[in-house]
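Once you have looked at the hints, place chain U on chain A.
Below are the chains, spelled out letter by letter.
2 protein chains.
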Amino acid sequence: MSLIKECSARIARLQTKLQQSELDGALFVYPIDVYYYATRQNSTLWIPAQGEPLLLVRKSFARAKEEARIGDIRPFPRSKEFAALFEGQHNIGLTYDVLPLQQFHYYNKLLPGRNFSDISMLNRELRSVKSPWELERMRYGGAQLSRVFASIADVLQPGMREVDLAAEFETRLRRIGGEGYVRMRAFNQELFMGLLVSGTSGCSGGFFDGAVTGLGMSDASPHGASTAVIEAGQPVMIDYTGVFSGYIVDMTRMFVCGQLPDPLQNAFEASCRIQNRIAAEMKPGAICSELFEMAADMATEAGLGDCFMGPTGEQAKFVGHGVGLELDEFPVLAQGFDVPLMTGQTIAVEPKFVIPKMGSIGIENTFAVTEQGGEKISVLSDDLVSV
Amino acid sequence: MSLIKECSARIARLQTKLQQSELDGALFVYPIDVYYYATRQNSTLWIPAQGEPLLLVRKSFARAKEEARIGDIRPFPRSKEFAALFEGQHNIGLTYDVLPLQQFHYYNKLLPGRNFSDISMLNRELRSVKSPWELERMRYGGAQLSRVFASIADVLQPGMREVDLAAEFETRLRRIGGEGYVRMRAFNQELFMGLLVSGTSGCSGGFFDGAVTGLGMSDASPHGASTAVIEAGQPVMIDYTGVFSGYIVDMTRMFVCGQLPDPLQNAFEASCRIQNRIAAEMKPGAICSELFEMAADMATEAGLGDCFMGPTGEQAKFVGHGVGLELDEFPVLAQGFDVPLMTGQTIAVEPKFVIPKMGSIGIENTFAVTEQGGEKISVLSDDLVSV
Numbered sequence: 208m209s210l211i212k213e214c215s216a217r218i219a220r221l222q223t224k225l226q227q228s229e230l231d232g233a234l235f236v237y238p239i240d241v242y243y244y245a246t247r248q249n250s251t252l253w254i255p256a257q258g259e260p261l262l263l264v265r266k267s268f269a270r271a272k273e274e275a276r277i278g279d280i281r282p283f284p285r286s287k288e289f290a291a292l293f294e295g296q297h298n299i300g301l302t303y304d305v306l307p308l309q310q311f312h313y314y315n316k317l318l319p320g321r322n323f324s325d326i327s328m329l330n331r332e333l334r335s336v337k338s339p340w341e342l343e344r345m346r347y348g349g350a351q352l353s354r355v356f357a358s359i360a361d362v363l364q365p366g367m368r369e370v371d372l373a374a375e376f377e378t379r380l381r382r383i384g385g386e387g388y389v390r391m392r393a394f395n396q397e398l399f400m401g402l403l404v405s406g407t408s409g410c411s412g413g414f415f416d417g418a419v420t421g422l423g424m425s426d427a428s429p430h431g432a433s434t435a436v437i438e439a440g441q442p443v444m445i446d447y448t449g450v451f452s453g454y455i456v457d458m459t460r461m462f463v464c465g466q467l468p469d470p471l472q473n474a475f476e477a478s479c480r481i482q483n484r485i486a487a488e489m490k491p492g493a494i495c496s497e498l499f500e501m502a503a504d505m506a507t508e509a510g511l512g513d514c515f516m517g518p519t520g521e522q523a524k525f526v527g528h529g530v531g532l533e534l535d536e537f538p539v540l541a542q543g544f545d546v547p548l549m550t551g552q553t554i555a556v557e558p559k560f561v562i563p564k565m566g567s568i569g570i571e572n573t574f575a576v577t578e579q580g581g582e583k584i585s586v587l588s589d590d591l592v593s594v
Numbered sequence: 208m209s210l211i212k213e214c215s216a217r218i219a220r221l222q223t224k225l226q227q228s229e230l231d232g233a234l235f236v237y238p239i240d241v242y243y244y245a246t247r248q249n250s251t252l253w254i255p256a257q258g259e260p261l262l263l264v265r266k267s268f269a270r271a272k273e274e275a276r277i278g279d280i281r282p283f284p285r286s287k288e289f290a291a292l293f294e295g296q297h298n299i300g301l302t303y304d305v306l307p308l309q310q311f312h313y314y315n316k317l318l319p320g321r322n323f324s325d326i327s328m329l330n331r332e333l334r335s336v337k338s339p340w341e342l343e344r345m346r347y348g349g350a351q352l353s354r355v356f357a358s359i360a361d362v363l364q365p366g367m368r369e370v371d372l373a374a375e376f377e378t379r380l381r382r383i384g385g386e387g388y389v390r391m392r393a394f395n396q397e398l399f400m401g402l403l404v405s406g407t408s409g410c411s412g413g414f415f416d417g418a419v420t421g422l423g424m425s426d427a428s429p430h431g432a433s434t435a436v437i438e439a440g441q442p443v444m445i446d447y448t449g450v451f452s453g454y455i456v457d458m459t460r461m462f463v464c465g466q467l468p469d470p471l472q473n474a475f476e477a478s479c480r481i482q483n484r485i486a487a488e489m490k491p492g493a494i495c496s497e498l499f500e501m502a503a504d505m506a507t508e509a510g511l512g513d514c515f516m517g518p519t520g521e522q523a524k525f526v527g528h529g530v531g532l533e534l535d536e537f538p539v540l541a542q543g544f545d546v547p548l549m550t551g552q553t554i555a556v557e558p559k560f561v562i563p564k565m566g567s568i569g570i571e572n573t574f575a576v577t578e579q580g581g582e583k584i585s586v587l588s589d590d591l592v593s594v
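Residue numbers (this note's numbering), protein chains in the order written: chain A, 208 to 594; chain U, 208 to 594.
For reference, chain A alone in the conformation it holds in the complex:
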């Protein structure tokens, strides 16, 4: 299936939803929203509920003409001409979750008297289900990222700093095509490629909406690898993304120089059991919040309820998150997320524990929801690697 057909199918799915919502169309201005249907060039995309989309390009027009997968591509017009393009269009959807207020005011002025409404949920729900074309790309990304995970143990040794191991991981990922820039949708979140934490670096809380944050290099960038030195017997958690053709795959593997202490070994085994149980249940119709509750119950049964998904008192209430063009897509296997899974959704499942004074431990793979349960996209042994 060509990319043009792929994008036409995406547009058709959106148009059906727009018609059901009684909207005249969706006006996409956020870069990754525009990219999903058309191009990453700096553009505004109008997709009417019926008829042909229109791409208005700020920069680069030449490159958008080459790259964009839709027919009607024009330079971004002057204000009057912009308004003329939207005559008769009244009910217009925008993604309020990411649209800055200044941008909203700008489009409000360009299109006075219109009835704008929020299509954030609709947009995220549509994107959560991956097509066979997207799944192919994600499988490729999973294979590439797995190659780096499979190779990295050769440089790990006690006495090296977290950041040196991270730098080696990152450069290997870049050399095989990793794009590096990780897009996140949530306000207030950011991630530089991934998190590499060892020992008690893994015990710190942080701004990051996950179980583990890491110390980072300064209080301005307080996540990921730090200058802490990796010592024998400490858990080394490598939680990294691979971004290929824009699609993100998310994995975590555990490493140790020597042997882990028993409490960490036991917690690691619990995280694998939880992951495997969730994977088996990841069929269409399974309720996201129930999968989280099941995981939390298993953690409690293992005597690790207080350590599940974060340091005690700052525990995250999820165990998995959608991934795709953004790291934090729908669905979320989280408390209160009472919606059923759909075939083709891709979810990073990451049961983790933060063991006080010892470090963080866990497993993570990206799965696709299928009738047979989760298809593991990040194909690599889950085993703890001891060097």
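No lab work stands behind these hints, which were simulated from the structure alone.
Beta carbons: idealized from backbone N, C-alpha and C, even for Gly.
The following label-pair restraints were derived from C-beta to C-beta distances:
#	chain 1	residue 1	chain 2	residue 2	range
1	U	V436	A	T577	37 to 45 Å
2	U	S593	A	N315	50 to 58 Å
3	U	E497	A	E259	40 to 48 Å
4	A	A357	U	T223	53 to 61 Å
5	U	N322	A	G320	22 to 30 Å
Only pairs whose alpha carbons sit at most 20 Å apart, straight line, appear in this in silico EDC-like list of lysine to aspartate or glutamate:
#	chain 1	residue 1	chain 2	residue 2
6	A	K272	U	D416
7	U	K212	A	D426
8	A	K316	U	D325
9	U	K524	U	E488
Chain U in isolation, oriented as in the chain A frame:
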């Protein structure tokens, strides 16, 4: 001067501006805005026009207590308690340039009946002037980034791919403490560490608001290094940021295997002349737009007006941009930016040319505005490096 005193001084400067604007206070919710005054932990910061600031922390509270440089730190309260904290506060400033509409609606609901207004300009103007404490950090970043630029020629050889040279540059930067994540404020912009382009990769337009974008690894990430092979005689432009303690320094140096063709050599010399002329004029009171026009005139005199700051037809109308905690700070040496420079502003000056069918060429250094003209913060020879 301690960091606490530094932040107190920042808050005092802001409070003076708030009083002049007849605002009761500023409510900061965007991460880097909060960081400037307090912490990168996920928090909302209230700075009243008079009196003590209040930091309301979502995550991590424990870490914010350790890191934040202000006195009154509390967990983010429930809705009713939130409203109670703001009794009597009516005129509230928000940074509309980066605040998503959903967030605006959220705070509107928490604080009904308030008069919100946009303090984006005020916020950016204040941040544009760096304190001696900040300038020290930027000089450190400039020195570190310069070390990587000074060392990278040892791996450059014809036949290698852009991305392999980029990966080597990036890993060296990370190993000496580079934080990697580059914050940009402009809607629709993003950058992964920097841009490395060779030969005709430098001729392509792109979404990036600069002279040069590069091809990138895919149409999802269409900027920076690509898999193109570097050949002898081609210009290799390395335009990278170094991020240390959150502060960004921006530099460009040119490399070549062998010798550059004359047109590129001439354009390189023109870019250095323009940069040096601007640097000499970067004194308080100089008008930003006039510095741009002067640069554009010099480009025209050199017979390179059509190639200045981008491919013909997609030329950027600036020659320098503020840098600091964000890559795109104020001021901008740009058409229409008719404001005077102030002592302590830090600006990346980057005259560049895109020579059709040959590539991009230019120079870039980060300067601080002083009474004596620009102080070069990225201290390294500007010379073209031939290997």
